[in-house]
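Q: Spelled out from the first residue to the last, the chains are:
Number of protein chains: 2
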Amino acid sequence: VKLLTLARDLQRRKGRERRGLFVAEGVRSAEEIVRATVQITGALVTPELTKSDRGRNLREALDSRAVEIAEVSDRELASAAGTDTPQGVIVIAGVPDYSLSTLRLPSASRLLLLDGVQDPGNAGALVRTAAALGGAAVIALPGTVDLWSPKVVRGAMGAHFQVPTLHADSDETLGFLADRVIELWVAAADGQPPESLSPPSALALVVGNEGAGVSAAWRRRAQVSVGLTLTAGVESLNVAVAAGILLYELRDRVAQS
Amino acid sequence: VKLLTLARDLQRRKGRERRGLFVAEGVRSAEEIVRATVQITGALVTPELTKSDRGRNLREALDSRAVEIAEVSDRELASAAGTDTPQGVIVIAGVPDYSLSTLRLPSASRLLLLDGVQDPGNAGALVRTAAALGGAAVIALPGTVDLWSPKVVRGAMGAHFQVPTLHADSDETLGFLADRVIELWVAAADGQPPESLSPPSALALVVGNEGAGVSAAWRRRAQVSVGLTLTAGVESLNVAVAAGILLYELRDRVAQS
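From first to last, the protein sequence lines stand for chains B and A.
If you're matching positions, the first sequence starts at 1 in the numbering used here and goes up one per residue.
If you're matching positions, the second sequence starts at 1 in the numbering used here and goes up one per residue.
Among the hints, a few may not be true.
[Claimed, not checked] Pairs of lysine-lysine, DSBU-like flavour, derived with a Cα cap of 35 Å:
| id | chain 1 | residue 1 | chain 2 | residue 2 |
| --- | --- | --- | --- | --- |
| 1 | B | Lys-14 | A | Lys-14 |
| 2 | B | Lys-151 | B | Lys-51 |
| 3 | A | Lys-14 | A | Lys-2 |
| 4 | A | Lys-151 | A | Lys-14 |
| 5 | B | Lys-2 | B | Lys-151 |
| 6 | B | Lys-51 | A | Lys-51 |
| 7 | B | Lys-14 | B | Lys-2 |
| 8 | B | Lys-151 | A | Lys-151 |
| 9 | A | Lys-151 | A | Lys-2 |
| 10 | A | Lys-14 | B | Lys-51 |
| 11 | A | Lys-151 | A | Lys-51 |
| 12 | A | Lys-14 | B | Lys-151 |
| 13 | A | Lys-2 | B | Lys-14 |
| 14 | A | Lys-51 | B | Lys-151 |
| 15 | B | Lys-151 | B | Lys-14 |
| 16 | A | Lys-2 | A | Lys-51 |
| 17 | B | Lys-2 | B | Lys-51 |
[Unchecked claim] Incomplete in silico selection of chain B near chain A, CB under 8 Å:
| id | residue |
| --- | --- |
| 18 | Gly-20 |
| 19 | Thr-37 |
| 20 | Leu-105 |
| 21 | Gln-118 |
| 22 | Gly-121 |
| 23 | Ala-125 |
| 24 | Ala-132 |
| 25 | Leu-133 |
| 26 | Gln-162 |
| 27 | Leu-230 |
| 28 | Gly-233 |
| 29 | Val-234 |
[Said to hold, decoys possible] If you anchor each label on the Cβ, the simulated ranges turn out as follows:
| id | chain 1 | residue 1 | chain 2 | residue 2 | range |
| --- | --- | --- | --- | --- | --- |
| 30 | B | Ser-201 | A | Glu-183 | 31 to 41 Å |
| 31 | B | Ala-232 | A | Asn-57 | 38 to 48 Å |
| 32 | A | Gln-192 | B | Gln-192 | 23 to 33 Å |
| 33 | B | Gln-118 | A | Thr-37 | 30 to 40 Å |
| 34 | A | Glu-235 | B | Asp-169 | 30 to 40 Å |
| 35 | A | Arg-220 | B | Arg-253 | 30 to 40 Å |
| 36 | A | Ser-52 | B | Gln-118 | 16 to 26 Å |
| 37 | A | Arg-65 | B | Lys-14 | 41 to 51 Å |
| 38 | B | Arg-18 | A | Val-1 | 50 to 60 Å |
By construction, these hints were calculated from the structure, which means they are not laboratory data.
All residues carry an ideal CB built from backbone N, CA and C; glycine is no exception.
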């Protein structure tokens, strides 16, 4: 398949899932792919790329890794891009091959589960937040935006390659949590403040949809409901901000028992 | 001036500043304006609005406040909108009249200063975060996106009416901090962790640009540099996530001295 055709196909979730590939758009995203230990299939570039020093360095890095490169027009690049400003470069790479059954976790683990998170910017910020705060994995449950879509990849700024990031269905995830003895906590507006709780060494925190929060099914399954006390009259925090505060509060604390 | 012409003019920062007005686009933003104690100048609506129960309720709320309403076409509404989906309604309202000299602050105050924050989504999330975590004011320093632009207003989900939100220049802000004896802290990657610090009762936290962080000038002015310890290899958190964690950590803690 020609790289341009391939990149266009990878704009669709089905195309990405069938091929096990994703695209990173823009100079910064492409740089992160080159730095990561991820399999690169190829790259599309336009003359715009090598007009800047940073773009030239990126081109050299791709060449030195013997990446197959297709030189395309601005218009062709735009036709394969999911973001407005691909900045002259789209890199095609392999989705890292993580699965729940083979996931390796330290004994003290904080996992982040996304239940119906729909905004790509929020999903990207959540992956970035989990990576920055020592999260052991990010698991996208059904109803969550594809974490390998171009906007999520771009928003996460390379975090996909610093924390295992995968999709899983509900049964598979529940089995995994039981097998590994990972306690399930849910973020909810009426939950207890994190300072008042004694987190176990292995914990999975579920955060939910931007409007509706975590679904009733996942709320029922959780052992503990955790939440932040907000100023009266303010309904909620952005989901990535809330997850950041909770992961930070729960990061180094383990119940003394 | 016709409301349509006015709304179009308010898409530009200069128009907003000259007239002291801003626009809220979409049903949710419009609902928040109606709930807030803010002066409403008028509204543009299309037939789309009253096709839903929620839209009809909004229309009734506007009518019951005797708001001047212009019925326009989808095309006209789009011509006056700064977001892609105005959902049949744009409300024009007055920017609340806050100034540093008249700002009323509780003795224990946490202020958030934005130094060169450029992404409207981040700016909106920052206002929302400050409101939710008890911030006493949000002050946008030069180089920051206009906090009254449609995308910021929409992203903040009503928070502009729950925390005083204003723009100020650097000299004015420095004079204000000195007059009110508010300590200046800066968020920086190499700052000390918040848990290790003893915050004063009145504190202003400066957060910075998405790429460059806080400017050298504001870093120099700060008494304390505060930062979060991140996983090795991860460069930074999203600015709203970082501000959320810091404001949460600093919220209820005051130095015992």
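Q: Work down the list of hints and note, for each, if the structure agrees.
A: Status of each hint after checking the structure:
1. At most 35 Å may separate the alpha-carbon atoms for a hinted pair to count; Lys-14(B) and Lys-14(A) exceed this at roughly 45 Å.
2. The suggested pairing of Lys-151(B) with Lys-51(B) holds, with an alpha-carbon distance near 24 Å, which does not exceed 35 Å.
3. Proposed proximity of Lys-14(A) and Lys-2(A) is supported: the alpha carbons are some 18 Å apart, at most 35 Å.
4. Our distance criterion of 35 Å between C-alpha atoms is met by Lys-151(A) and Lys-14(A), whose separation comes to about 16 Å.
5. The hinted pair formed by Lys-2(B) and Lys-151(B) meets the criterion: a straight-line CA distance of about 23 Å does not exceed 35 Å.
6. Under the criterion of a C-alpha separation no larger than 35 Å, the hint pairing Lys-51(B) with Lys-51(A) is inconsistent with the structure, at around 50 Å.
7. Between Lys-14(B) and Lys-2(B) the CA atoms are separated by roughly 18 Å; this keeps the pair inside 35 Å, and the hint holds.
8. Our distance criterion of 35 Å between C-alpha atoms is met by Lys-151(B) and Lys-151(A), whose separation comes to about 18 Å.
9. Taking the CA atoms of Lys-151(A) and Lys-2(A), the gap is near 23 Å; set against the 35 Å cutoff, the hint holds.
10. A hinted pair counts as satisfied when its Cα atoms are at most 35 Å apart, and Lys-14(A) with Lys-51(B) qualifies at roughly 34 Å.
11. Between Lys-151(A) and Lys-51(A) the alpha-carbon distance is near 24 Å, which keeps this suggested pair within the 35 Å criterion.
12. Restraint check for Lys-14(A) and Lys-151(B): the C-alpha separation of about 31 Å stays at or below 35 Å, so the hint holds.
13. For the proposed pair Lys-2(A) and Lys-14(B), the alpha carbon gap of about 48 Å is over 35 Å, so the pair is violated.
14. Between Lys-51(A) and Lys-151(B) the alpha-carbon distance is near 32 Å, which keeps this suggested pair within the 35 Å criterion.
15. For a cut-off of 35 Å, the pair hint linking Lys-151(B) to Lys-14(B) stands: about 16 Å separates their Cα positions.
16. Taking the CA atoms of Lys-2(A) and Lys-51(A), the gap is about 25 Å. The hint holds against a cut of 35 Å.
17. With a C-alpha separation of about 25 Å, the suggested pair Lys-2(B) and Lys-51(B) falls inside the 35 Å cut-off, and the hint holds.
18. The beta carbon of Gly-20(B) comes no nearer than 25 Å to any beta carbon in chain A, farther than 8 Å, and the hint placing it at the interface is violated.
19. A hinted interface residue such as Thr-37(B) counts as satisfied when its beta carbon comes closer than 8 Å to some beta carbon of chain A; here the least separation is about 12 Å, so the hint is violated.
20. Below 8 Å, beta-carbon pairs count as interface contacts, and Leu-105(B) has none with chain A, the closest being about 15 Å; its hint is therefore violated.
21. Hint on Gln-118(B) is violated. Least Cβ distance to chain A is approximately 14 Å, over the 8 Å limit.
22. A cut of 8 Å between beta carbons decides the hint on Gly-121(B): the least distance to chain A is about 6 Å, and the hint holds.
23. Interface hint at Ala-125(B): satisfied, since its Cβ lies 5 Å from the closest Cβ of chain A, which is below the 8 Å cut-off.
24. Because the beta carbon of Ala-132(B) sits about 4 Å from the nearest beta carbon in chain A, less than 8 Å, this interface hint is met.
25. Below 8 Å, beta-carbon pairs count as interface contacts, and Leu-133(B) has one with chain A at about 7 Å; its hint therefore holds.
26. Evaluation of the Gln-162(B) hint against chain A yields a held restraint, the C-beta minimum of about 6 Å falling below 8 Å.
27. This hint holds: Leu-230(B) has a C-beta 4 Å from the nearest C-beta of chain A, less than the 8 Å allowed.
28. Hint status for Gly-233(B): holds, given a least beta-carbon distance of 6 Å to chain A, under 8 Å.
29. The criterion of a C-beta within 8 Å of any C-beta in chain A is met by Val-234(B), whose closest approach is roughly 4 Å, and the hint holds.
30. A C-beta distance of roughly 37 Å is found between Ser-201(B) and Glu-183(A), which places it inside the suggested range of 31 to 41 Å.
31. At roughly 24 Å, the beta carbons of Ala-232(B) and Asn-57(A) sit outside the given window of 38 to 48 Å.
32. Our hint of 23 to 33 Å for Gln-192(A) and Gln-192(B) holds, since their Cβ atoms are close to 29 Å apart.
33. Look at Gln-118(B) against Thr-37(A): about 32 Å separates their beta carbons, and that is inside 30 to 40 Å.
34. Look at Glu-235(A) against Asp-169(B): about 33 Å separates their beta carbons, and that is inside 30 to 40 Å.
35. A beta carbon spacing of about 35 Å between Arg-220(A) and Arg-253(B) agrees with the range 30 to 40 Å that was offered as a hint.
36. For the pair Ser-52(A) and Gln-118(B), the supplied restraint of 16 to 26 Å holds, since their beta-carbon distance comes to about 20 Å.
37. A C-beta distance of roughly 48 Å is found between Arg-65(A) and Lys-14(B), which places it inside the suggested range of 41 to 51 Å.
38. Roughly 55 Å separates the CB atoms of Arg-18(B) and Val-1(A), a value that falls within the hinted 50 to 60 Å.
Checked against the numbered hints above, the structure breaks hints 1, 6, 13, 18, 19, 20, 21, 31 and satisfies the rest.
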